[in-house]
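Undergrad: Keeping the supplied structure of chain Z fixed, place chains R, X and P upon it in accordance with the hints.
As a plain string of letters, each chain reads:
4 protein chains.
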Amino acid sequence: MRDIQKEPDRRNVALDEVGIVGVLCPVNVMDRTAGLQATVARVRMSVDLPHRYRGTHMSRFMEILSRFRDDIRFESLERMLEEMKERFEAKEAHIEFEFPYFISKDAPVSGATGLMDYVCRFRASLGARFDFVLEVEVPIQTLCPCSKEISDKGAHNQRARVTVGVRMHGLVWIEDLVQAAEASASSALFPILKRRDEKHVTDHAYRHPRFVEDVAREIALRMDRNERVTWYRVDVRSFESIHNYNAYASLERDKAT
Amino acid sequence: MRDIQKEPDRRNVALDEVGIVGVLCPVNVMDRTAGLQATVARVRMSVDLPHRYRGTHMSRFMEILSRFRDDIRFESLERMLEEMKERFEAKEAHIEFEFPYFISKDAPVSGATGLMDYVCRFRASLGARFDFVLEVEVPIQTLCPCSKEISDKGAHNQRARVTVGVRMHGLVWIEDLVQAAEASASSALFPILKRRDEKHVTDHAYRHPRFVEDVAREIALRMDRNERVTWYRVDVRSFESIHNYNAYASLERDKAT
Amino acid sequence: MRDIQKEPDRRNVALDEVGIVGVLCPVNVMDRTAGLQATVARVRMSVDLPHRYRGTHMSRFMEILSRFRDDIRFESLERMLEEMKERFEAKEAHIEFEFPYFISKDAPVSGATGLMDYVCRFRASLGARFDFVLEVEVPIQTLCPCSKEISDKGAHNQRARVTVGVRMHGLVWIEDLVQAAEASASSALFPILKRRDEKHVTDHAYRHPRFVEDVAREIALRMDRNERVTWYRVDVRSFESIHNYNAYASLERDKAT
Amino acid sequence: MRDIQKEPDRRNVALDEVGIVGVLCPVNVMDRTAGLQATVARVRMSVDLPHRYRGTHMSRFMEILSRFRDDIRFESLERMLEEMKERFEAKEAHIEFEFPYFISKDAPVSGATGLMDYVCRFRASLGARFDFVLEVEVPIQTLCPCSKEISDKGAHNQRARVTVGVRMHGLVWIEDLVQAAEASASSALFPILKRRDEKHVTDHAYRHPRFVEDVAREIALRMDRNERVTWYRVDVRSFESIHNYNAYASLERDKAT
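Residue numbers (the numbering used here), protein chains in the order written: chain Z, 75 to 331; chain R, 75 to 331; chain X, 75 to 331; chain P, 75 to 331.
FYI, nobody ran anything at the bench for these hints, they're computed from the structure. Quick caveat, the model's predicted, so the values are computed rather than measured. Errors might be hidden in some of the hints.
Any copy, or any two copies together, can satisfy a pair, since identical chains are not distinguished.
[To be verified] Lysine to any residue pairs mimicking SDA-like chemistry, simulated, CA-CA at most 20 angstroms apart:
id	residue 1	residue 2
1	LYS179	ARG270
2	LYS165	LYS179
3	LYS227	HIS274
4	LYS80	LYS268
5	LYS159	HIS131
6	LYS273	ARG141
7	LYS227	HIS278
8	LYS179	LEU295
9	LYS273	HIS131
10	LYS329	PRO82
11	LYS227	ASP277
12	LYS273	ASP77
13	LYS268	HIS131
14	LYS227	LYS273
15	LYS227	HIS282
16	LYS179	TRP247
Same shape as in the complex, but just chain Z:
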């Protein structure tokens, strides 16, 4: 049978990435408390394609994914990328996992426990060196400082979403980024709140008004202080309760420069 993908290509156009996207896959990811956590990931995998080859055998990505999906952590990601480079004879390999990660969380007064979900992403590449970005989406509450200041009582507030991504030297946990985002908010969100918890959360948010600008800056300061973080990007967007659109603030910083 002819192998068309392997045939030479004369158009002289190298491709940056050739791969598969939108693969859904049950995975185990590293969990600070439990060691491993079972979840479901959406996966993207790719390699570069030199100008001289016509195409890629996409099924190989699936085979590699199958072998590694039971234990996704930093070390295995690097081995996975090495194998991709080898099998595809590529100079660069890329992989992204996006998955909900669950953390048990207690209500602030009653201690009632439930699970919070956070969308996480592992973005890893291997060219000349290994590159890894950990990204976490953290839902928070923001209470508007302007609304609080000018109004007789109360202040408009809303759900907002922080996306914080980091490059690291040493290990930064998903839990560390969640903690940084929640500590920078008017309030964290909770899976279960009894009435006495709801009072606590409402009062706490009222005492900690935050624009999206404030949240982004507070997280930036925390990332600056964390010596394991070498690069970060922060995006905060709030689903304004008084408008039908969202406000956002973002910044990116490479601490090496």
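TA: Same frame as chain Z, now just chains R, X and P:
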């Protein structure tokens, strides 16, 4: 050329609906103020298929849509469905338009004007008789009565979304449903708010705390009082600012029964 | 602390459903092969609210979900609904789980194995009696019979999506519905295909041309023959490779009537 | 009334972007044939925020948008950004419009006419200089060269989506990018096809098999030849009809380097 769709089918299975979905189309829809409003609709069109035919010529839906898209209103919808029944030799025809509808709205104190967008749906069918459902999604603010009652200051609030659908006798405008939903909320949302408007909106919401249950009931009472409404369905869901999930309340009522 | 939700409501409007939606939760669901399968579900839970109460204590839904999420099957769903009715003093309780379900699948010639994902839904209600609908989305291939007939070579084909929901008497497995949908298609989809598999799949699809109308009817016949199925609904939509919209066919049948 | 946003901030963190996102707005965009086309855009607007200010007055974005939305073209985008820089005392201003753009398209044999929709994006920034990226999503058909080669009859094919973005020197029209993408595909998609058109499209696709890799390269060659294009990025992903995931190929090239 053989016409496979027209060939007889011996499986003896009639189909309820055969058609096209996800068609994007620029349309003009009836506008209470301006007569017609230009917007973009996502369209679904279908007819029933008797057991004796193998298939449907889908391109005819697109031809009919092309001819009617410039003037979408109650009367033209009925003519459109009649033409669908004729062309397809069908007993029933269905059509749905979903589109953003824009209404100019003034800030409550400064009068600053901007456009608010509301997702609307026209759902029309013609079998033995013409059936029409008008559905409108209205973003609102809800401020939690429990949080207000038990907290020292402030109360958690958030963006919420009302979906209200009606069958009618006489004309009910999109604007009527928007007005009913906004009047039942802790506050309406606005495109532009100056600081003195923001103070007004914050104070108003604090004086009008509403659970999703309250909003659903207030809208129901308004639909009960509106003599042109013969049937309604209300769904209210709030993007809770203290939880990572949404609370909702819904009811449906046929006033004839 | 005042309990506002429990206070009497004088508006005299009963609500059909009050609850939570969009909860993400790790669950174990029944798996024909392995007993249980770990996945992640999006959950909706609700009860009716009598006209005399103002609101519902939403956190109770989360507490019930926490206790049952480790073992979601028919029996536990009914117990879950019973507990919801009791805790909320409700006449009706509703629950919906939507989750990706993974099935190991071999390539038709090489036998190369990988995981296919199918979106499943459990929809259960308990009023006077227990009602359960199992719904599965099955991606398939459809190859156009008209295009095959009139063209010199080849025929346009595409990915399509079957949604089949059933009520049952006795047990119908997710795997049964997947099998019925794939057997009614031009071809099933596969996680991994080697070149000799791809030849087999291409040839098979070419020999089994199917309109969406054909697929819907073939599945209907299979559901008619399955004595455990008492009611079904089938929706087939194809992401046409020659148009920028989707074609669909649907039917619903209650075998008792 | 205190103006909190204007108050000094002592955290010494400058923000890259502060703005609004998810605004829906009716707009008129430049249309090669008709001069202007009415459509609906999703808009994002932002400016940088120096470290010394606490926040931004978000309502000003909406006011500027209101004044410009009737005539969105290169020239007006630059004026809009200039006004944003002035009003916000910013060093950089950014704006993005995403909208469906409609082009009338004839069937290849019958000439039957209908509208095709293409998602377009204008991304413009003004810092030291004006930067503009035009991005267009073009749905196409890809027919697998490998499947064609190894199979007895037919070949699997599917809908795919090209995203091509360009920077330019002189004017490149949306229509130019659509044409480049469709000419690089196995076949273009059409709004209306009669049977004789469907034969033509099926035969044409069978004679022009293309991997996503091929499509990306063919578009790259066209962009290389177009002297008005100074930079481009191409992404092609196909909704594989034999797999439940998508294959993709992408490249980016700055012709100046």
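Undergrad: If a hint holds in the structure, say so; if it doesn't, say that too.
TA: Tested hints:
{"no.": "1", "hint": "LYS179 <-> ARG270", "in the structure": "within (16 angstroms within a copy, 39 angstroms between copies)"}
{"no.": "2", "hint": "LYS165 <-> LYS179", "in the structure": "neither (43 angstroms within a copy, 32 angstroms between copies)"}
{"no.": "3", "hint": "LYS227 <-> HIS274", "in the structure": "both (17 angstroms within a copy, 11 angstroms between copies)"}
{"no.": "4", "hint": "LYS80 <-> LYS268", "in the structure": "between (63 angstroms within a copy, 14 angstroms between copies)"}
{"no.": "5", "hint": "LYS159 <-> HIS131", "in the structure": "within (13 angstroms within a copy, 49 angstroms between copies)"}
{"no.": "6", "hint": "LYS273 <-> ARG141", "in the structure": "neither (49 angstroms within a copy, 26 angstroms between copies)"}
{"no.": "7", "hint": "LYS227 <-> HIS278", "in the structure": "both (15 angstroms within a copy, 10 angstroms between copies)"}
{"no.": "8", "hint": "LYS179 <-> LEU295", "in the structure": "neither (25 angstroms within a copy, 40 angstroms between copies)"}
{"no.": "9", "hint": "LYS273 <-> HIS131", "in the structure": "between (58 angstroms within a copy, 15 angstroms between copies)"}
{"no.": "10", "hint": "LYS329 <-> PRO82", "in the structure": "neither (44 angstroms within a copy, 25 angstroms between copies)"}
{"no.": "11", "hint": "LYS227 <-> ASP277", "in the structure": "both (13 angstroms within a copy, 6 angstroms between copies)"}
{"no.": "12", "hint": "LYS273 <-> ASP77", "in the structure": "between (67 angstroms within a copy, 12 angstroms between copies)"}
{"no.": "13", "hint": "LYS268 <-> HIS131", "in the structure": "between (54 angstroms within a copy, 9 angstroms between copies)"}
{"no.": "14", "hint": "LYS227 <-> LYS273", "in the structure": "both (16 angstroms within a copy, 9 angstroms between copies)"}
{"no.": "15", "hint": "LYS227 <-> HIS282", "in the structure": "both (15 angstroms within a copy, 12 angstroms between copies)"}
{"no.": "16", "hint": "LYS179 <-> TRP247", "in the structure": "within (16 angstroms within a copy, 35 angstroms between copies)"}
When each numbered hint is compared with the structure, violations occur for hints 2, 6, 8, 10.
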